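Just need the whole structure built from these sequences, with the hints factored in.
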Amino acid sequence: PSRFILVGTMNPEEGDLRPQLLDRFGLSVMVYGEQDPAQRMEVIKRRLAFGDNAESFVASYKESERSLH
Numbered sequence: 001p002s003r004f005i006l007v008g009t010m011n012p013e014e015g016d017l018r019p020q021l022l023d024r025f026g027l028s029v030m031v032y033g034e035q036d037p038a039q040r041m042e043v044i045k046r047r048l049a050f051g052d053n054a055e056s057f058v059a060s061y062k063e064s065e066r067s068l069h
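Residue numbers (our numbering): 1 to 69.
By construction, these hints were calculated from the structure, which means they are not laboratory data. These numbers come from a predicted model, not from an experiment. It is possible that some hints are incorrect.
Cross-link-like lysine to aspartate or glutamate pairs, in silico, DMTMM-like; alpha carbons within 20 angstroms at most [claimed, not checked]: (1) Lys-45 to Glu-34; (2) Lys-62 to Glu-42; (3) Lys-45 to Glu-65; (4) Lys-62 to Asp-52; (5) Lys-45 to Glu-55.
This is the structure we're talking about:
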C-alpha cells in the first residue's frame, strides 16, 4: 500500500508543471468530465440519491461491487 502525504489538483489549461515538481509525484491521473448528457444526468441522480440516504445508496451497490473483487 502507498502512503500519500499530499493529494492535489491542477488545471492543465494553466500550463504544465515544472519538472522540479513533477519528479515529486508518485502517481498522476488525468480526469476528464463526462460529456454524454445521459451519463451526466445519471451522475447527478446518483449523487442526489447518496445525499438523501447514504446507507441505502451504498447497500444498493454492495453486490455489484463485491463482484469486482
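Please name the hints from earlier in the document that this structure breaks, with their numbers sorted from lowest to highest. none
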